[in-house]
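Residue numbers (my numbering), protein chains in the order written: chain R, 1 to 100; chain F, 1 to 667; chain X, 1 to 170.
Simulated from the structure, these hints should not be mistaken for lab results.
Among the clues, some could well be false.
[Stated by the list, open to error] Here are the simulated BS3-like cross-link-like pairs (lysine-lysine), alpha carbons at most 30 Å apart as the crow flies:
no.	chain 1	residue 1	chain 2	residue 2
1	R	26	X	111
2	R	26	X	85
3	R	99	X	168
4	R	99	X	166
5	R	99	X	111
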Amino acid sequence: MDNLNNYLLVSAVLFSIGTIGVLTRKNAIVVFMCIEMMLNAVNLSFVALSRHLGNLDGQVFVFFIMTVAAAEAAVGLALFISFFNNRESIDIDDANLMKW
Amino acid sequence: MFDNVWLIPLFPLIGFLINGLLGKKIKNETVIGSIGAFAVLCSFIVSVMTFLKLIGLPAEERVVNVKIFTWMTAGTFNADIAFLIDPLSCLMLLVVTGIGFLIHVYSIGYMHGEEGFYRFFAYLNLFVFSMLLLVMGNNLLLMFVGWEGVGLCSYLLIGYYFHKKSAGDAGKKAFVMNRVGDFGFLLGTFTLFWFMGQTHNVWTIQFTEMAANAHLLPTGGIVTVITLCFFLGATGKSAQIPLYTWLPDAMEGPTPVSALIHAATMVTAGVYMIGRMSYLFIRSPETMMVVAVVGGCTALFAATIGTAQNDIKRVLAYSTVSQLGYMFLAMGVGAFTAGVFHLMTHAFFKACLFLGSGAVIHSMHGALHHIHSHDDAQDMRNMGGLKKHMPLTFMTFLIATIAIAGIPGFAGFFSKDEILWYAFANPLHGDLNKLLWGLGACAALLTAFYMFRLVFMTFFGKCRIKEGAEKHLHESPMVIVIPLIVLALLSIVGGYIGMPKLIGDVLGGMPNYLEHYLEPVFANANEYMKAHAHAEHHSHALEWGLMGISVVIALIGISIAAVLYLVNPELPKKFTSAFPALHRAVYNKWYIDELYDFMIVNPCKSLGNFLWKGFDVLVVDGLVNGVAHVVMAFGGVTRYLQTGQIYNYAWTMAFGVVVIVGYYLFK
Amino acid sequence: MDITSVFFAIVTIVAIVSALLVVTCKNPINSALSLVLTFFCLATYYAMLDAPFMAAIQIIVYAGAIMVLIVFTIMLLNIRVDANKKHTHQIVLGSVIGIVTLLLAGLFIIKGNVAAPTGPITPEMIAQYGHTELIGTVMFTEFLLPFEVTSILLLAAMVGAVVLAKKKLS
C-alpha cells in the first residue's frame, strides 16, 4: 500500500492531539473523550497496517479494543457520576485526597 | 581412702543454695543462721577427719590427688575437678572451716534484726565454698575459680549495706583492684603452661606434676617473669603495695565479714599461693627479693598509717595489711613454714580482734541508739572505760592484742619472732637481710604501739561517750562472746605447735611440730635453697639476742602507748599540733588514694568519657543517624513523584511513553 | 492528483480540525459533538481501507453508543462551562509532551521499514467473500477464546456500572 505512511501519520497526529487534550483539560468528561480519541487513533493504525500486511489479525484486535472501550466508558462514566455525587464538581483537580 | 573430701566444699554450697533460694521465705533468723553455721560445722568435721587420716599416713605418702571428675580436656591441656590433700591444704582447711564456723555462730548474734539476714548467710556460705575450692584445688585453674569466687563474695559482702553509697563504692574498689591482680595470676598461669610445654613438653597446670618437673625450670629469666606475674595476683588478693588500698575501705562491710574475709581467710590466699608454688618462686632470686622487700615495706608503711586512725576497724585493717606484709616477708626470705605459721596465728588473733571490735561497736551502737544520737559508734574518741561494762570482751581483746604485739608466751610471739630471725639469717639476700630485719623490727614497734593505743583508748580511761548513753552499755550476748573466748584461747595456745628449736630444746626437747608437718610440702624448695644458696652459720647467741631485742621493742611500744594514752592523755594533741603536716599526711593515708586517683582513675575516666562523647556519640551514633538522615533526605526528594494530583501522574505516563519510544527509535 | 488522494486530504483535514475542536472547546457538549464528527471521519478511513465492517462497527459502537452515553452524562451532571483554567505551566508542559510525542512518532514512521505484505487477505478476496464473512471466520476460529472472555468483561462492566452509580439506600 503506497499511502500507508499517510495513514500512520494521521494516526500519530490524532494521538498527540489526544495527549494534549488529556493533559490540558480540566473537565473529567472531556479528558475521557480525549482518551477515546487516542484509542481511535491507535485503531486507525491497526487497520491500516492490517490492510498493508494482508492479515485480518489487526482488525480483530481493533474489534476487541472497541469492546474494551465500550466497557470502560460504561464504568468510567458511572465513576464520574459517583464522584459528582460526592463532590458536586467534575473537575479532575478536585480528586486530590492523596495529596500530601 | 579420701573418697569423701568432696563433702567439704559441698556442705557450704548446699547452705548457700538453701539460704539463697529459700531464705526470703524462711523468716525465722535462727533457722537461717543455723543452716549456715551447721553447713560449715559439717565441713569442719569432715576436714578434721581428713586431717587425722592424713597424719595416719607416713610422711612420704602425704600427697594425695583426689579426682572428682574430668572437667576439660583439649589436646595437651587437661584440667580436672580434683582436690589435693597434703599437709598445707589440710592446715588451711582446718583454719578456714574452724574460724569460719566460729564466725558464723558470732554472726547469728551480731546480724540480729538486719534486713537481708538470709542474704548475709548465703553469701558467707558461698564464700566458704569458694575459699575451700581455692585451698583444695589441685590445679591452677580450679584454684583460680576459687580465687575469683572469693573476690566476688568479698564484693557482695562489702556492699552488703548497699543503700549506702560508700559501701557500694568500697565493694567496687575491692573487686576492681582484685581484678588487676587476677590479670597477673592468669598471665603467670599461661606463661608457665606455655613455657613448660614448649621447652620441656610437659603440658600441665597441676601442682603435683609441676613440683615433680620443677627441676627442669631454669633459674631466673622466664621463671622471674612467671613468678612476678603470680606475685602481682598475690598483691591484689592479699593487699600488699601497690594494690592494698581496697582493704581499709572494705571495712564498710559488716564486722563478721571483715573478720572472716579480710583477716583470716581471703587475704591469706596470696600467701597460700606462694607457699603452694614455693618450688617455682625459689628458682627466681629476683622475685624472692621483690617479695621480701614489698612485704617488709608494706608492713612498715601500713603500720605508720595505723598509728593515726580513729576508727577502730580502720586501725585493725591497717594492722592486717601490715601483718600480711610480715607473711610475705617470710615467704620472700625462703621461710615458707614461718609464713604459713604466722598465717595461722594471725588468723586466730586477728579474727578475735575483729570480732571483739564488733562486739564493742554493737554495744556502742545500741547505747547511742537509746539516746537517739547519731555519733559514730566506731570512733575511738567516743569510747573509753569500756572494760567495766564489757569485761569478757575486754579480756579476750586484751589477750589477742598481747598476742599480736609479740609478747612471749602467746601465739604471735613465736611466729613473728621466727619471721624476724629468718629475715636476718636467711641465705638468699646477703646484706639486704639487715635492712629487711630493720623494716620488720620498726613495724613490730609500731604494731605494739598502735594496738595498745587502741586498747587504752577503747577500754581504759574516762568514758567519753555522749551524755546518758553510758548506762546503756552492756556485755554482748553469749552467742557473740563464746567465739571470742575460743579464739582468745587459740591465740594463746596456737603458737606452741610451731615452737622454734631454740626454745624447744630449753623446754625439754619439744620439737617444732609445724615444721615437721609441713616439711614434705616445702621439701623441693628447701633442697634447692641448700644446694644453691650459701647458708651462713649463725650462733645461738645471736638468735637469743635477736629474740630479746624483739621483746624489748614490743615492750617499748607498749610503754609509749601507755604514756600517751593512759598516763597523760593530753600528750597526743600536743604531739600532733607540733607536727601538723606529718600528722595530716599519716592520717590521710599518705594520700595514696589521691595519687591513684590522679594517676590511674582519672585518666581512665577521661578516656571513657572521650570514647563515650567523642567516639560513641559522634562517630557511631553519627553514622547510624547519618544513614537515617540520608534516607530521609532521599525520601524528601523522591516524594515529589507522588503528588496525588492526576495531572502529574498523567504527565509522567506520557513522559514514560516518550522515553520508551525515543529509546527504541535511537537504539 | 487523483480523486482518491483529494478525498483523503479532505477527510484528513476534517478529522484533524474536529480533533482540535474537541480539545479546545469550552462547552463540553461542543467537544462531544466534535468528537462524533471525528469518529465519522475515522469510519470513512476504514471504508477507504477496504474494511467496511470496521466502519460500521465504529459508527454503531463509538458514535452511536459511547458518545450517546457521554452526552447523557454531561447533561445528567448539568455541567457548567469550565470556571477555572488550568495553570499555565501545566498547559505548556502538556503541550510540549504532546508535540514531542508527535515528532517522535513521525520520525518513527518515516525512518521505519514496514514488512512486506505476507498475509493471504487481498482486496480481491475481500470483494469476493465479503469483509464480514472473513472477519467472522477468523474471529470464531483463531480468536474464539478472547471473544468469549470479552463477554465476561462486558458482564463485569455492566455490574460495575450499576453498582457504582447507585445512590446509597440510607
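Hint-by-hint comparison with the structure:
no. : hint            : result
1   : R:26 with X:111 : 36 Å, violated
2   : R:26 with X:85  : 7 Å, holds
3   : R:99 with X:168 : 27 Å, holds
4   : R:99 with X:166 : 27 Å, holds
5   : R:99 with X:111 : 42 Å, violated
The structure fails hints 1 and 5 (numbered hints given earlier, in ascending order).
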